[in-house]
Amino acid sequence: MGDLARFLPRTTESWLVLVLILVVGFLGLATNTFLMPANLVDLVNQSATNLIFAVGLLAVLIAGGIDISFAVAASVVQYIVVMAVLALGGGNWVVGLGLAGLCGFALGAINAALIYYFRIISIVVTIATFNVFFGFLMFVTRGVSIYDIPDWLYDRFNLVEHQTSSGAYIELTLPVVIMIVMVIATWVLLNTLTVGRQLFAMGDNPDGAKRVGINIAAIHFLAYGWLGICAGVGGLMQAHYVREVVPNALYGRELEVLAAVVLGGARLGGGRGTVFGTILGVALIAITQNGLNLLGVSPYAFQMVVGAVILFAITTSNLQTTGLFRRRSAA
Amino acid sequence: MAAAAPAVPLLRVDHVSKMFGGVRALDDVSFELREGEVHCLAGENGSGKSTLIKLISGVYRPEPGAAIRFGEREFSAVTPAIARELGVQVIWQDLALFSHLTVAENIAFEQNLGGRFRWVRRRNLREAARATLSRLGFAIDVERPLMELSIAQRQLVAIARALVADARIVFMDEPTASTTQAETRALFEVVRKLSADGIAVVFVSHRLAEVMAIAERVTVLRDGRQVGVFRADEMSPARLTELMTGRQFDESVHARDRSRAGIVLKAEALSRDGEYEDISFQLHAGEILGITGLLGAGRTELASTLFGLNRPDRGRFLLNGEECRFGSNRGAIDAGIAYVPEDRLTLGLVQAQSIADNTVMAAMDRIASTSGVIDGRRKSHLVGNWIGQLAIRVGEPDDPVRTLSGGNQQRVVLAKWLATEPKVLILDSPTVGVDVGARAGIFAIVRELAEAGIAIILISDEIPEVYQNADRVLHMRGGRLVDAYDPRSARIETIEAAVHG
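Note that the protein sequences, when read in sequence, are chains A and B. Taking my numbering, the leading residue of the first sequence gets 1085, the next gets one more, and so forth. Taking my numbering, the leading residue of the second sequence gets 5, the next gets one more, and so forth.
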């Protein structure tokens, strides 16, 4: 036992790498399509939106909160941005991304304000805003999709294009580039900027953070605002990828992303989480979904996996934080 | 010790008062600190100690008319920023550290503050942390995450953080509450170093005997007023308790010989991996058996097993000669075992519910009719009976429990369990969060219950408590029972040396 334990991975990240290798190996043997370059590239392109969402959610989880509303918030942003640029007569990528980030930040700020100023726990606030955002969107749009989107959003914009010998196209799209930018930006925010360390500190020990002099309100706006920006940008990428804006296209995506982030080692309850782990978590979830597809398993099985991952993460993080017999301070 | 006092004290506070709602938490209090002095701030819960610290550190604003002087500078109130700038640092009991961050980040977190976007300077953090730790004479790897450190090491990290912030006055809130005697000695070594550097250290502690060993002066507060400032070397624990409460207390030993009474509970080589090992003892009817030891010695875990919250891996225990195999604590309650947990605020009471509802919570079947409906008359009879017997001072039985003082809340927990008519009553640290004054009342009740024949296990790390009230004292260390004492023949110093040594 003891000898075996030495060869077991020590960190969440190394566990994930091990599991990823096993899953990829299994799918490579079980299907003859999984390891095809076209499938793998497609997987990356498809995952761009989820990973952009995921790094935003990572910031909120590290700060000790949770957000269920970001995926439908992204749908709201899609509508606002597309309607706005159409009204303004076209626009371009710079205007689109800027506007998406701004709208996303505003919606995130609504969550932050409710959580901070009214002292309501984040899960309750964001379940409520999830319904407010989604209900508002369906009510105003009457559930009608926008197919006539601006040209810049419609046209493919490939950075790498390569035709394989079998005739399939391998292309790295703009969403992948934006994804890389957002991942690096989140890493910089969390690890190299002082406000990022304040984010960790607040999630770790909120009282301690207050006493050491951290501006708790500002850090709330930073965490939920950053997720809002990621939601807005990620939403725009999804609209670009599918070339249309459908009001309920992202509905339900929040749990998939949440499962990926907690699988990546972010602790529900705050204080811990890494960008690398998040990337691995998103990859594992995406590969699982893709693999189940290729194996011809019903998509409901994937939903089951997502639910199980979240339950597992919640139970294990509770085990770590149980303080039932902790001594209460008296003074 | 009696160095000539400098002309201008480091800190002098006069006429500070603080009202909360209509209540005067602090009433015209004065407080003085000299450079490099070690000072003890003593008082019961609610006497105003933490209010005073919060006024000096800027968390609260005093009522108008206060004068807070730092050397030559005078303020009528300070903000947290001003207090920090003047060198006031508070080390709270929970230390306010970040367990997932590194030691270096914890110590020098100040460098990370501010709302502007700046780069983290990790090398500066590490250097500041190392320099401060070496000034204290400690070598801890500053790259390690804090959660890998022991409580005593974390305390050093908290002290180092105060020093990084250029502390001139350090308040320490109950710093010895969970440290061993060796760790306490190491802490006092650090305090002496700070003191030699001219930093004033103020202890807020309930382990008075310990603090007396290092403090030069003691300021005593009672009911929000200053009772006086005393020299520590002229003070004894008994005298200090008297000053804090305004009353004198019986400090005699109440142990009796109950070995001829019938055995109620018998443990035979109980073990639970990682918690306790090979525990055997006998508990007689009407006996008070004290179990003491440091925090984490396995006392609470043992109590959990006796109360059916978990099962032993090996060994067994018998209640009135019958082996107990509880599936849950319901089985233990039905068999006649009651458990008053250490953390009564979260485990023992439903704070928002009424005193009456809390009292009957564990004894529903006694007040319910055969169809399961609660009989209002039986309920109010039961509640009235226990409120009277335990002399709980309540406005109305229907008031929420949170409106009661700590001592009265503890009586409600007792009433709740006594309403189940237990044969064995386990009390886990019954005086945590209860005033010195109210403690005597609780123990008087406990001794009466024992006289009435209930067998009682009294778990506490307050050795005087078990020494004065228990009939026998068991010492638990590292999950094992290492010794047994009879308070009528053993000296309290012997037990204290064994436990804290």
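Watch out, some of these pointers could steer you wrong.
Said to hold, decoys possible - Covered stretches of chain B (in silico footprint by chain A; criterion: 3 or more residues with CB under 8 Å from a CB of chain A, positions within the stretch not fixed): (1) 97-104; (2) 121-128.
Stated by the list, open to error - Here are some, though not all, of the chain A residues that point toward chain B, as calculated from beta-carbon distances under 10 Å: (3) Gly1173; (4) Thr1278; (5) Val1279; (6) Phe1284; (7) Lys1294; (8) Gly1297; (9) Ile1298; (10) Asn1299; (11) Gly1354; (12) Ala1385.
For the record, the hints were derived by calculation from the structure and aren't laboratory data. Yeah, the Cβ is synthetic: ideal placement off N, Cα and C, and Gly gets one too.
Status of the hints after comparison with the structure:
Remark: the stretch 97-104 of chain B is confirmed as covered by chain A, as 8 of its residues place a Cβ nearer than 8 Å to a Cβ of that chain, reaching the required three. Under the rule that three or more residues need a Cβ within less than 8 Å of chain A, the assignment of the stretch 121-128 of chain B holds, with 4 such residues. Because the beta carbon of A/Gly1173 sits about 35 Å from the nearest beta carbon in chain B, more than 10 Å, this interface hint is broken. For the restraint placing A/Thr1278 at the interface with chain B, the shortest Cβ-Cβ distance is roughly 4 Å, inside the 10 Å limit, so the hint holds.
Taken as an interface hint, A/Val1279 checks out: its beta carbon lies about 6 Å from the nearest beta carbon of chain B, inside 10 Å. With a cut of 10 Å, the hint placing A/Phe1284 at the interface with chain B holds, because the nearest CB-to-CB distance is about 6 Å. Taking 10 Å as the C-beta contact cut-off toward chain B, the hint placing A/Lys1294 at the interface holds, the least distance being around 9 Å. Interface restraint check for A/Gly1297: the shortest CB-CB distance to chain B comes to about 5 Å, inside 10 Å, so the restraint holds.
A hinted interface residue such as A/Ile1298 counts as satisfied when its beta carbon comes closer than 10 Å to some beta carbon of chain B; here the least separation is about 7 Å, so the hint holds. Interface restraint check for A/Asn1299: the shortest CB-CB distance to chain B comes to about 6 Å, inside 10 Å, so the restraint holds. Because the closest C-beta pair between A/Gly1354 and chain B is about 9 Å apart, less than 10 Å, the hint holds. Because the smallest distance between the Cβ of A/Ala1385 and any Cβ of chain B comes to about 35 Å, over 10 Å, the interface hint for this residue is violated.
Hint violations for this structure: numbers 3 and 12, all remaining hints satisfied.
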